[in-house]
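As given, the protein sequences belong to chains A and B, one line each in that order. Residue numbering for the first sequence follows the working numbering, starting at 1 and increasing by one per position. Residue numbering for the second sequence follows the working numbering, starting at 120 and increasing by one per position.
The set of hints was computed from the structure by calculation and includes no laboratory data. Treat the numbers as computed from the prediction; the structure is a model and nothing was measured. Built from N, CA and C at the ideal position, the CB exists for glycine as well. Some hints could be false.
[As the list claims (entries may be wrong)] Here are the computed lysine-lysine pairs in the DSS-like style, where the Cα-Cα straight-line distance is at most 27 Å:
1. A:Lys2 to B:Lys288
2. A:Lys37 to A:Lys2
3. B:Lys192 to B:Lys204
4. B:Lys288 to B:Lys204
5. B:Lys204 to A:Lys2
6. B:Lys197 to B:Lys288
[Claimed, not checked] Some, not all, of what chain B presents toward chain A, calculated at C-beta under 8 Å:
7. Ala291
8. Thr292
9. Pro299
10. Gln303
Now for the letters of each chain:
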Amino acid sequence: MKYMLLIYNDPAQQPKFGTPEFDQFMTGYFAANERMKSDGVLIASEALQGVQTATSLRRKAGKVETMDGPFAETREYLGGYYVIEAPDLDAALTYAALIPSADFGTIEVRPLMDYNPAG
Amino acid sequence: MPQAIPGPAHAMAAAALLDRTMQTDRSRLVAILSASLRDISLAEDVLQEAAVSALTHWGRNGTPASPAGWLLKVAQRKAIDRLRKTSRHSRVTEALALLTNDDLMPDKDFIPDERLRLIFACCHPALEPKSRVALTLRTVCGLTTAEIARAFLDADTTMGQRLSRAKAKIAATGIPFAIPGPDQWAERLNTVLTAVYLIFTTGYVNRLDETRDLCHEAEFLARLINQLRPDDPEIEGALAMILLIGARRFARVSPNGASLPPDEQDRGLWDADKIAEGRHVLETAVRRRAPGPFQIKAAVADCHMSHPGPDWPQISVLYAALWRFEPTPVVGLNGAVAIARAGDLTRGLSLIEDFKEALSDYQPWHAARADLLARSGNVDAAREAYGQAIERATTDADALFLRRRLNEIR
Chain A
1 MKYMLLIYND PAQQPKFGTP EFDQFMTGYF AANERMKSDG VLIASEALQG
51 VQTATSLRRK AGKVETMDGP FAETREYLGG YYVIEAPDLD AALTYAALIP
101 SADFGTIEVR PLMDYNPAG
Chain B
120 MPQAIPGPAH AMAAAALLDR TMQTDRSRLV AILSASLRDI SLAEDVLQEA
170 AVSALTHWGR NGTPASPAGW LLKVAQRKAI DRLRKTSRHS RVTEALALLT
220 NDDLMPDKDF IPDERLRLIF ACCHPALEPK SRVALTLRTV CGLTTAEIAR
270 AFLDADTTMG QRLSRAKAKI AATGIPFAIP GPDQWAERLN TVLTAVYLIF
320 TTGYVNRLDE TRDLCHEAEF LARLINQLRP DDPEIEGALA MILLIGARRF
370 ARVSPNGASL PPDEQDRGLW DADKIAEGRH VLETAVRRRA PGPFQIKAAV
420 ADCHMSHPGP DWPQISVLYA ALWRFEPTPV VGLNGAVAIA RAGDLTRGLS
470 LIEDFKEALS DYQPWHAARA DLLARSGNVD AAREAYGQAI ERATTDADAL
520 FLRRRLNEIR
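Based on the sequences and whatever the hints tell you, model everything.
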């Protein structure tokens with residue numbers, strides 16, 4: 001099954017660039033990436049730019065409304081994701097636990113919808 | 120020459136045999152089918168269809184040598200048919216491969232017991248705690264939705280929806296029907312045993328006129344898990360705890376309906392066989408020298424039954440050990456009470472205050488504080504605390520007990 005590991009965190013809680021904590025944080029990400037690649041489970045992975053770059057859009061009564069910032073008023077924002085292929089939820093959770101942001105944010109694990117173009 | 124004459128006697132024999140087989144083997148069949156289909160709803164559906172077929176086939180052709188094996192084979196065939204019709208998912212292909220591979224199909228005379236895998240799926244931490252309990256009672260213990268709803272004071276439809284949501288989540292998210300590996304074992308086992316304990320405590324406070332006694336179901340589950348995974352000290356600890364607390368069940372309420380703490384109970388009403396078995400199981404667990412929260416809780420239950428009264432110094436040591444595994448306010452509260460009852464009232468009372476905020480709506484916090492205040496001679500404060508406790512009492516028995524205590528200090 002394919003799972004998306006969605007990384008939510010509060011940017012204020014994230015280690016600051018240039019600190020030893022930040023280096024450790026990045027080392028953790030490199031290690032997680034390497035492990036997912038060498039296990040052959042990694043399908044895709046991206047990090048998003050900061051939430052201050054977000055623009056949200058909705059259509060109301062046929063009219064497009066565009067606004068600054070993310071839609072939801074929360075402290076934890078989507079910061080990036082992995083898409084992995086794992087045999088079951090437990091395996092997916094094991095990979096999710098490798099993501100360093102789990103120390104101060106939340107990793108949400110969701111199975112992808114399974115479309116079969118053949119039928 | 121086999122009897123092949125269909126008739127009412129055949130039909131009745133078939134129905135009786137089917138009834139008995141479904142009673143004794145249903146959970147094992149659901150477990151095997153769920154493990155290969157990775158879908159409890161589908162497993163239950165195809166087993167139900169197989170049971171309907173059994174009624175006609177057995178009535179017409181006579182009953183099979185292995186009724187459970189017959190049901191399993193037919194249910195698997197029905198599952199294959201269904202999956203072929205609706206094969207939209209890649210997961211389905213895997214299930215089909217499993218089902219159609221004869222090497223993996225159990226011999227019809229030997230049905231392996233896969234119930235532990237089913238239990239770990241039902242008690243997966245990705246499900247809500249209440250759903251874990253409900254699903255385990257439904258699939259492993261075979262309670263009806265109505266029986267589970269009654270035990271948790273829910274409407275049938277609410278409980279039915281809860282069960283379907285949980286089954287759907289297991290199928291959709293790929294929760295495995297698997298026994299966790301060593302790195303996840305301790306945490307996942309604790310989740311399973313916690314669900315079993317929750318079943319037990321729900322039964323403990325329920326009235327005894329329920330059709331299915333949840334204390335009995337919890338004991339059954341603990342024994343089953345212990346049998347399927349022998350020699351695990353925490354499983355033994357959970358079983359011992361259920362036996363030791365269960366032994367006091369019929370003494371926990373006074374003839375006028377008020378709750379009684381263990382040191383005020385009529386010891387003659389304690390179940391001596393359960394105590395003996397519980398102590399034996401606990402000793403076996405402790406000899407394995409791998410302490411854990413359930414063993415400690417079982418030891419606490421045992422110490423409450425010491426002669427001539429509870430062994431409070433030992434209980435306070437046990438709560439200090441439990442705190443290392445479970446640093447929760449409730450464990451802290453119980454530890455504070457044990458310290459006070461062991462002799463250090465002042466320290467116990469001051470420790471209780473540490474949990475004031477976390478437990479401000481928890482009746483036992485107010486009741487424990489009231490009791491310790493009364494013991495330290497602070498009568499007015501004790502009265503007020505009993506008043507707070509009575510307001511928060513969740514059962515009539517607890518309210519009666521607290522009122523009696525309040526009257527005793529007047």
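Enumerated hints in conflict with the structure, sorted upward: Failing hints: none at all.
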